[in-house]
Amino acid sequence: MKGEIIDHRLRRVDPLYSLLVNAGSKKVVLRIVVWLLLLTGIGAVVRKPLKKAFFEKEKTVSSGRFQDPEGLAVDREGNLYVADEDLARLYMLDRTGKILAEARELPGHPNLTTGDSIAVIEPRHIVIISDHYLLELKVVGSTFQAVRRFSQRGKGEEDFEDPEGVSIDRSNGDVYATDEDHRRVKVFSKEGKFLRNLPVEHDPESVHVFEDRVYVTMSKAGWVGCYTKEGKLLFKFGHKELVEPDCVIVSPDRKVYVTDQRPNRIHVFDL
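With our numbering, letter number 251 in the sequence shown gets 251, and the count goes up by one each step, no holes.
Everything labelled a hint here was simulated from the structure, so no lab data went into it.
Just so it is clear, the structure is predicted and the values come from calculations on it, not from any experiment.
Ideal placement from N, C-alpha and C gives every residue a C-beta, glycine not left out.
Treat the hints with care, since some could be wrong.
[Claimed, not checked] Per label pair, the in silico range of CB-to-CB distance:
(1) G108 / L234: 34 to 44 Å
(2) P252 / K155: 23 to 33 Å
(3) N197 / R65: 33 to 43 Å
(4) T143 / G231: 32 to 42 Å
(5) D94 / Q145: 10 to 20 Å
(6) G108 / K232: 29 to 39 Å
(7) P123 / K255: 19 to 29 Å
Using the sequences provided together with the hints, build the complete structure.
This is how it looks when you write it as structure tokens:
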């Protein structure tokens, strides 16, 4: 009796039910095939629009040289370094925009760049964020060449999980890098030796070392923290002005520039 009730309900809600259970002639079978083709065709037509509308973030295809340039740095000669996240490619350009060097991979480094931060040591000499580690590079002629690797992916004190920002301490050459997932800023000597961790209370994004201070953006929390080189928090700023701060840098005239992703703005603060 229970089975009959279920059958009765199926008859009312499924228009194919009567065809499927009575498929005793070629005509009925043909009708089944037509129904299935129609349903399959409709599914194929609406699947992509529905997926795009509800599940995929629309991505704009660039008509320029880059697709998603994330990392950016300029040396004192005016050379421009660009890391493109979507193209997974690193570029060096001169001040006119001519490409001087370009790379997607290097021996031992199949995923050269994730498109994140770049720090200049000197002209043609940079540190980039590679595949869960830092990589020091030099440009020789028109070729990027690896100098040394800083750390690796892991859970240890010296390891990275998700490096995002990198900066050079101009006083001694130390390299500072944020590790978002581990919530700390890592410090290395210019020779690549691990020195210490600076714990932070939120997921750090960008870092910039200026004089005796370390500025770190907390993208998800919406503020910038100013720390000592030993990791003591001195003060926070930007709570009212910032929504999703990304990159931070301090200019020689002591102004702090902070990019804000969601309002598409660059904020300027006085020290």
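Violations among the numbered hints
Hint check: 2 fails alone, others pass.
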